[in-house]
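Enquirer: Chains Z and H supply the protein sequences, listed in that same order. Just so we're aligned: 244 in the working numbering is position 244 of the first sequence, and the numbers increase by one with no gaps anywhere. Basically the working numbering = 1-based index in the second sequence + 1000.
If you are wondering where the hints come from, they were derived from the structure by calculation, not from laboratory data. Warning: the hint list may mix true and false statements.
What the hints assert, rightly or not - With a Cα cut of at most 20 angstroms, we get these calculated DMTMM-like pairs of lysine to aspartate or glutamate:
no.: 1; chain 1: H; residue 1: Lys1082; chain 2: H; residue 2: Asp1195
no.: 2; chain 1: H; residue 1: Lys1082; chain 2: H; residue 2: Glu1141
no.: 3; chain 1: H; residue 1: Lys1082; chain 2: Z; residue 2: Asp251
no.: 4; chain 1: H; residue 1: Lys1082; chain 2: Z; residue 2: Asp250
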Amino acid sequence: MAAAGKAEAALVPTPRVEARGVSLRAGLVTVAFLLASLAIGLAVGPVHIGIGSILRSALSYVPFLHVHQPLGAVERAVLWQVRAPRVVLAALVGGMLAVAGASYQGVFRNPLCDPYLLGVAGGAGLGATLAIIYASAAAAGSNWTVPLAAFAGAIAAVVVTYALGRSVGAAQMTGALVLAGVTMATFTAAVQTFVQQQHTQQLQNVYSWLLGGFSDATWQDVAICAPYIAVSSLVLVLHRRVLDVLSLGDDEASSLGIEVGRARLVIVVAATLGTAAAVSVSGLIAFVGIIVPHTIRLLVSTSYRAVVPLSLLAGAGFLVLADVVARTVLSPAELPIGVVTAFLGAPFFALVLRTSRSSR
Amino acid sequence: MIETRDLWVRFGPVAAVRGLTLRAETGGWTALIGPNGAGKTSALRALAGLAAYEGEVLIGGIDARRLGRRAVARLVAFVPQKPETPAALTVAEYVLLGRTPHISYLGGESRRDREAARQALRRLELEHFAERPLGSLSGGELQRAVLARALAQEAPVLLLDEPTTALDLGRQQLVLELVDALRVDGLTVVTTMHDLTLAGQYAERLVLLDEGSVVAEGTAAEVLSAPNVAAHYAANVRIVEDERGGVFVLPVRR
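Construct the entire structure; sequences and hints are all you get.
Expert: Right, dumping it as structure tokens:
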């Protein structure tokens, strides 16, 4: 039989054995999409600033290049103090939510998981509500209070969720975690609603935080969340192959030498920490964590080697564009960005779903 | 070579495996047989390090507890009864995942890994399927892809839990012939099997388990006697021997 196999092997072409990661084309297209989104985000607004001016203005800050600053003081302030932090923050949050969504979907092997799965959203919402309502006047003056309270609330909720999910034992842990997350989300929503109803005078502030958005984005917000998002997304991108192995199920991943419990914990902690940081500066922005990874799956590949890094880039670009729409459609008023992501995202996703089904 | 000494596997108060002592010789094929609930799968999972156990599992003479997960994975490949086969993954990608124990935790495949996967594909005559998604394969092709993934692991011990479930008669034989052919290189095979005739035809040694303990072991002719099968399967059978020493277990209506 071995001899027959050898004779046959000579006739059969050598099979292409390659893990489809990010193909050059998919990578370039996604990077181009992100860059275009960033450029649009910086250029579009009540004060129009050309792409060329933006580039030259940026280069003028680089020492020794001697590029002439083309913008006046007002334009400069609009570009670098208002628009740029907003665009950067939207990119960070969008990338984080998308990559966290992709990772949760991989770890829990459930395509409907989103980054808010383990109670992050509910916890952050409760934390932010408490801070908005109860923070003393002195603390309320600081930009840090609400994000920090939201972050603490998110982490506390997830820790409780994890403890609850763990208590059933390792065998059914993934299912139990999802249920515990739902329980936690419901519970925190109940408390949050109660507190909010007791203080209707603050309803507007709470509500606008919950809807999410980047209208007051500052470099300080960027500084608060960027370290967490950078570390989290790096960890998740490094785990892209491990996520593929986990897609074979716990038993097979274990028999392939992966410490499944530990790998899952690392991925969940990274995704959760990054999501909590993102939520704390942006509020609750739905749908990005589901729509972006699935679009990549449908258009590029279902392998996490492609889904994780491309979700990071595409999510960043997507949220920057959504934010541009949010601030221009009803200008000078702003639409909540969650409305935009759902309103634009849902039909787009339906379209991708339809075309990719029919082309198969 | 893989062996167990006084192996116990418990699920809460219930012991699925009770003091199993077993030895699977290098290059041999050992089949664990026994009625439903006899502890076959639990024993196999303990061998693979997937079930918590008391007692000892020795792989090549080394206590498996002293080896890490990865080290065990390099020595023992395990194919569950219903392997998870993500539909969109191509056969080649799936087989490459079998290289995981040889790749550092956050690393990627080397040329050596791709070559090993290619060899596994060739060995199971899957070259033409390499770029096909798993979802498009038939049951028999899928089982070959699963075997190729296990083979790519390049582990000297191969554990198969019911490798022929859900396959038609011809595919069952094909898969078992392929497994048998893999032993040429000294692969040690341990399978659980429901079909006693097939177990007797392919395995060199049968180990009959009942209620977690070994009740008979040896060659097919020794283990598959009508009284043994009647006692432990509560089945009425006729045993037919062929001239090559093979044994057929035929169910007979009472």
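Enquirer: Checked against the structure, which of the hints given earlier come out wrong?
Expert: Structure breaks no hint.
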